[in-house]
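Asker: Note that the working numbering gives residue 300 to position 302 of the sequence shown, counting from 1, and the numbers run on in steps of one.
Bear in mind the hints are in silico, worked out from the structure with no lab data behind them.
All clues stand as given, with none of them false.
Think about it this way: if two alpha-carbon atoms lie no more than 30 Å apart in a straight line, the pair counts; the simulated DSS-like pairs of lysine-lysine are:
| no. | residue 1 | residue 2 |
| --- | --- | --- |
| 1 | Lys201 | Lys340 |
| 2 | Lys329 | Lys184 |
| 3 | Lys329 | Lys176 |
Note that the coordinates shown come from a computational prediction; the quantities given were computed from them, not determined experimentally.
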Amino acid sequence: MFKKLLFIFVLVFSCWEKTYATTLVKEKVICPVCNTLINTLVVGSTNNCAGCDMDLFERAAGDDPNLFYPITCPECAYSGFHSEFLSDTTLPDTLKQKIKAKKAFISTPPVEELDLHNIPAWAKYDFIAQKYQLTGRSPLLIAHIFHSASWAVRSEDEPLSGIDSNTINSVDSLINKKIIRKELIKANNPALYEIQLGRKLAKIDSTLKTEERTLSSLAAIKLLREHGENKEVEDILPSLENKIPTEQFENLKSKLNKSIANERYFQEQTVSFLKLGLPEARENEKTVINYLCGELYRRLKDWGQADSFFRVAESLIPKNGRDPNQSWLIKCIRGQKQLLPKNNLKN
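Based on the provided sequences and hints, a complete structural model is requested.
Answerer: Below, the structure is given as structure tokens:
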């Protein structure tokens, strides 16, 4: 699994080529637990046009396929991928009984009401991870499912929810104006380009008018939240108080905080299972797993753990005879280490 992730990340960083947009195909599948007929959308093809976030979230232009991979039965909550709904799918009787008795899954993080007919993708991944735990699947596989749930939160939630449509249109116009198309096209990683643009917009120009500074802050929040740079979003958010209508600010703050908390919950689960699965990983996978643990701890604001895992990852890369395909990883480790607050690290 992590060999595949490593290959994807190398591919995204080494070449960003024009590919076709994500295509979705309508299908009907049958739940292997309760025999409910389910209408679903299956990913026919996708792309990597939008680059890759630094926690290995491969981004597609157009629809995010990550939101369509998991399927949940609207009647019994059985969850899985398309292959787990095929006619030859067999499940342990104990699992079936638990699901039918509605004792197999709990919704975490809790939501106000979980409508199985309109369930968010992150909850589907959560149920799959719980199912895999009940059936004794690999910790690294479970880590990947929880990680996918964190990506789904990031992709599914609207960063500026609660802000009026006119302001959102102005924010989008500002972002489009700031994007230099030639630079974007040349970028090895468009996702990283957007993150860097978000950081530039966050540095408020004192010569700007109040309204322009407000739009710049909102644009920074949008870009940084879309890529999961949540600490920076939290740092910017207080500056908007009294700059936008109170009701809009409170709605924005509440929804951002909830969304970020959900993503962090799944990041905590991911790193927990990554560490549990490290001993079973292949030697060529351990470097990227340690890097990923470091990056997730950075996003969780545990600077000491982040630094420790980054150091381990760097130490696992041979000093001589380096694999050319790992040059990207060295850059990532060193680049992400530089984002750690220096005053919170041990020498």
